[in-house]
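Chemist: Spelled out from the first residue to the last, the chains are:
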Amino acid sequence: MRTARFSLVLLVMSVLLSVPSARAQEQSYREKSAYGPIQRRLFELNHEISIGWAYLPLDPFAKGYGAQLSYTIHFNHFIALELFRVGWTYNRDSKLKTKLLDQMPDVSPAEFPAVVFFENTNLIFKLLYGKQSLFNRTVVHFEVYATLGGAFLFRNPYPIWDGDLNNARYEFGVNGGFGARFWFSPRWSFKIDLRDTVVMLCFNRGDFPLENSALVGFSFAVNI
Amino acid sequence: MYSVKTQPWFLLPILVAVLWAFPVPAQEEGSEAPPEEGEVPLPPPPPTGETGLSDEELKELEGMVEEEVRVGPEVFDEGVKLYYEGSYVDAARRLWDYLAGNQPGADQYGYAEYFLAMAFDKVGLTHAAMEYYYNVAKNRTKPELLPDALQAIERISRNHPFDQELILKDLVYDTGFGYVREDLRDFVEYYQGLLDYRNGFIRWGLRHFGKLREDSYYLYKSRYVRAVYELVKYNLDDAIKTFIEILESDIELADVVNSTRQSVARILFEQKKFKEAYKMYETIDAPIEKQASVFLEEAWTQYYMKDYRRAMGLLYALEAPAFYRYFNPEKFLIKALIYKNLCHYNVAKDAVAEFSHYYGEAIDAIYDRVDLDKNEIILDAALQEPALVELGRFQRLLDTELGMLDNFSSAWGDNGLQDHLSRIYDLKIRDANRRLEDKLDLGIRAVAERLLDFDEQMNLLEYEIGLSIYKRLKGAPAEKESKKDLIPTSGPMVYYEFDGEFWNDELHDFRFFIEDRCFSEERWE
Numbered sequence: 001m002r003t004a005r006f007s008l009v010l011l012v013m014s015v016l017l018s019v020p021s022a023r024a025q026e027q028s029y030r031e032k033s034a035y036g037p038i039q040r041r042l043f044e045l046n047h048e049i050s051i052g053w054a055y056l057p058l059d060p061f062a063k064g065y066g067a068q069l070s071y072t073i074h075f076n077h078f079i080a081l082e083l084f085r086v087g088w089t090y091n092r093d094s095k096l097k098t099k100l101l102d103q104m105p106d107v108s109p110a111e112f113p114a115v116v117f118f119e120n121t122n123l124i125f126k127l128l129y130g131k132q133s134l135f136n137r138t139v140v141h142f143e144v145y146a147t148l149g150g151a152f153l154f155r156n157p158y159p160i161w162d163g164d165l166n167n168a169r170y171e172f173g174v175n176g177g178f179g180a181r182f183w184f185s186p187r188w189s190f191k192i193d194l195r196d197t198v199v200m201l202c203f204n205r206g207d208f209p210l211e212n213s214a215l216v217g218f219s220f221a222v223n224i
Numbered sequence: 001m002y003s004v005k006t007q008p009w010f011l012l013p014i015l016v017a018v019l020w021a022f023p024v025p026a027q028e029e030g031s032e033a034p035p036e037e038g039e040v041p042l043p044p045p046p047p048t049g050e051t052g053l054s055d056e057e058l059k060e061l062e063g064m065v066e067e068e069v070r071v072g073p074e075v076f077d078e079g080v081k082l083y084y085e086g087s088y089v090d091a092a093r094r095l096w097d098y099l100a101g102n103q104p105g106a107d108q109y110g111y112a113e114y115f116l117a118m119a120f121d122k123v124g125l126t127h128a129a130m131e132y133y134y135n136v137a138k139n140r141t142k143p144e145l146l147p148d149a150l151q152a153i154e155r156i157s158r159n160h161p162f163d164q165e166l167i168l169k170d171l172v173y174d175t176g177f178g179y180v181r182e183d184l185r186d187f188v189e190y191y192q193g194l195l196d197y198r199n200g201f202i203r204w205g206l207r208h209f210g211k212l213r214e215d216s217y218y219l220y221k222s223r224y225v226r227a228v229y230e231l232v233k234y235n236l237d238d239a240i241k242t243f244i245e246i247l248e249s250d251i252e253l254a255d256v257v258n259s260t261r262q263s264v265a266r267i268l269f270e271q272k273k274f275k276e277a278y279k280m281y282e283t284i285d286a287p288i289e290k291q292a293s294v295f296l297e298e299a300w301t302q303y304y305m306k307d308y309r310r311a312m313g314l315l316y317a318l319e320a321p322a323f324y325r326y327f328n329p330e331k332f333l334i335k336a337l338i339y340k341n342l343c344h345y346n347v348a349k350d351a352v353a354e355f356s357h358y359y360g361e362a363i364d365a366i367y368d369r370v371d372l373d374k375n376e377i378i379l380d381a382a383l384q385e386p387a388l389v390e391l392g393r394f395q396r397l398l399d400t401e402l403g404m405l406d407n408f409s410s411a412w413g414d415n416g417l418q419d420h421l422s423r424i425y426d427l428k429i430r431d432a433n434r435r436l437e438d439k440l441d442l443g444i445r446a447v448a449e450r451l452l453d454f455d456e457q458m459n460l461l462e463y464e465i466g467l468s469i470y471k472r473l474k475g476a477p478a479e480k481e482s483k484k485d486l487i488p489t490s491g492p493m494v495y496y497e498f499d500g501e502f503w504n505d506e507l508h509d510f511r512f513f514i515e516d517r518c519f520s521e522e523r524w525e
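Residue numbers (this note's numbering), protein chains in the order written: chain Z, 1 to 224; chain Y, 1 to 525.
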């Protein structure tokens, strides 16, 4: 069986026939690779649809529980466009609001508009991609991303089925946040989002409220 | 010393030849002699204009008049001004106007060539730049430009594929440059020495290498060449001594260092110092796509160290996309050997079958004596031969740059520069193809021989596997009680199951979990 495998002749030929590769820069010790850290990513995304829950905790007078749906186009490993992310929330009055209304009957419920519908359009910057070993048994792939874009909010003090839109507010704001995705398979993944919208302008009232509306989202995503 | 006396009868054919070749002076118009009696009259001359010249003669004359037109130095000045303003495309246009309108003896001709080369260099036409730097350095009509031209040539030669015939053989090797700056002298002396080594003029090569400055880039490259030459003579100890000198010199030149490390590791392997060889392989930090041979050699080293899990892991690393072109029949041989040594006979046979699946068609083609360059596997493998790789890279560069010329058509299309460059690139591509074809034959032959060699070894191995199966069937127990390795849920080692995603930092750490199914029979033969 063959044992002497390294042919010295080959080695010599490789040096004397081809000029020893003089590609390196004298200034840099390491040569650059044409590849990044990963040669083949299993978890590539193209067109993604996600559906999930939303929780809006920041309003002191109402806590929103809702659902959201989004569609995202992934351009490459780094950048994606969340074309839309729409959601509806059911708002439950907080104790503070109930107390206020009980103790100060002069205060109108119309003073407390809460988010009922929202729409976000964001650029997504995928900052981290990695994998972790779970109990040395399985490997979990994840990514962490940042988002930045705009948001449209519809805020109303009453649920939508009450039909009372007299105090409704149609608003625009700047939206930003972070999120993490964990893959179950190259097709399916689970996402956690933390978003905040700073409301800049109310269209129908013409005021600039500068209020925050934060959202915590949990959704399942499928790559189509 | 000899002398030759010419016999008078030799003179006759020479005289006839000279007379035959000598142009007969044209007779003046109207002075032609009347045809002699019995002679056929000559056909009438082609139609003439007022000048009395034929259309063809007029066209020729026009061409000559155009050639004679001199373009003044103001065009050169304009080109240089545009160059310094950063308008390299326009600068090239005006400099070409100057060159096309003047003879090589013109006052600013050498400077115009130099600035044109720099303009090409700036717009990314490295081969065109090299051609003009070559003119400046070779003709030396302006000797003061020689250092700058050489410096540019040296820089491009480090960072891009280039025409080695033109630059190394025609320019560097065949030219006496006289006094040149120290750093450039290193470049010249190194390549002159290297070519001397290649041609077998070792003493001359040594003389050139002896002139290199201490601690210069080319000094270490020359040491590498010298060490390899020691390998040729099979002076392994001297070779390794020189290689170690390079490694201990604390230089920061990745290509020299990594080549040296691999060479040292190969020698250590040859000396059966597998542990040291593997340690040396692990120090190589070349880009991952250049490490295919390192992985394979490491796998062999691990095989001889009997760490089959590591060896198999390294073989799996070779499945990474970066290595998809790597001609690697050995992989199947090592796999089959490992499986056989661990008594996994069925998969060992599968590895042999896998080899046939990959290379069977190519091997059949060799046996059938058909045109081997028509076989994709053999052709691709031959193109990976070192001599062809460089030439292939150069050819791709020429193709790319020829394609780039279209980007400049608006600026260079009407003054002939684009046509001129297209011609240069076309010719060079044809030349590169011819050289590739010449070398390809040798490469194909080498690949065919290697394939046949591996085919023979795989056949032998298959036979040995069959024998082992037969022995096993002859009364050995059917199953072995073995302790299975369990992966701990925690501890200092973290385990990542391989899922087909190739992270470059992990490729060296793959382990392939495989049980040893042998009993006591010749396990480590």
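Be careful, since some hints might not be right.
Taking lysine-lysine and the DSSO-like style, the derived pairs with C-alpha atoms no more than 30 Å apart in a straight line are [unchecked claim]:
| no. | chain 1 | residue 1 | chain 2 | residue 2 |
| --- | --- | --- | --- | --- |
| 1 | Y | K169 | Y | K272 |
| 2 | Z | K131 | Y | K272 |
| 3 | Z | K32 | Y | K279 |
| 4 | Y | K275 | Z | K32 |
| 5 | Y | K306 | Y | K272 |
| 6 | Y | K290 | Y | K279 |
| 7 | Z | K131 | Y | K439 |
| 8 | Y | K349 | Y | K306 |
| 9 | Y | K290 | Y | K306 |
| 10 | Y | K290 | Y | K374 |
| 11 | Y | K241 | Z | K32 |
| 12 | Y | K471 | Y | K439 |
| 13 | Y | K211 | Y | K273 |
| 14 | Y | K138 | Y | K233 |
| 15 | Y | K306 | Z | K32 |
| 16 | Z | K32 | Y | K374 |
| 17 | Y | K306 | Y | K374 |
For the record, the hints were derived by calculation from the structure and aren't laboratory data.
Remember, predicted model here, so these are calculated numbers, not experimental data.
Chemist: Hints first: check each against the structure and report whether it holds.
Modeler: Results for each hint:
no.	hint	in the structure
1	K169/Y with K272/Y	violated (40 Å)
2	K131/Z with K272/Y	violated (39 Å)
3	K32/Z with K279/Y	holds (23 Å)
4	K275/Y with K32/Z	holds (28 Å)
5	K306/Y with K272/Y	holds (13 Å)
6	K290/Y with K279/Y	holds (18 Å)
7	K131/Z with K439/Y	violated (46 Å)
8	K349/Y with K306/Y	holds (20 Å)
9	K290/Y with K306/Y	holds (26 Å)
10	K290/Y with K374/Y	holds (27 Å)
11	K241/Y with K32/Z	holds (29 Å)
12	K471/Y with K439/Y	violated (48 Å)
13	K211/Y with K273/Y	violated (36 Å)
14	K138/Y with K233/Y	violated (36 Å)
15	K306/Y with K32/Z	violated (33 Å)
16	K32/Z with K374/Y	violated (34 Å)
17	K306/Y with K374/Y	violated (40 Å)
Consistency with the previously given hints fails for numbers 1, 2, 7, 12, 13, 14, 15, 16, 17, ordered from lowest to highest.
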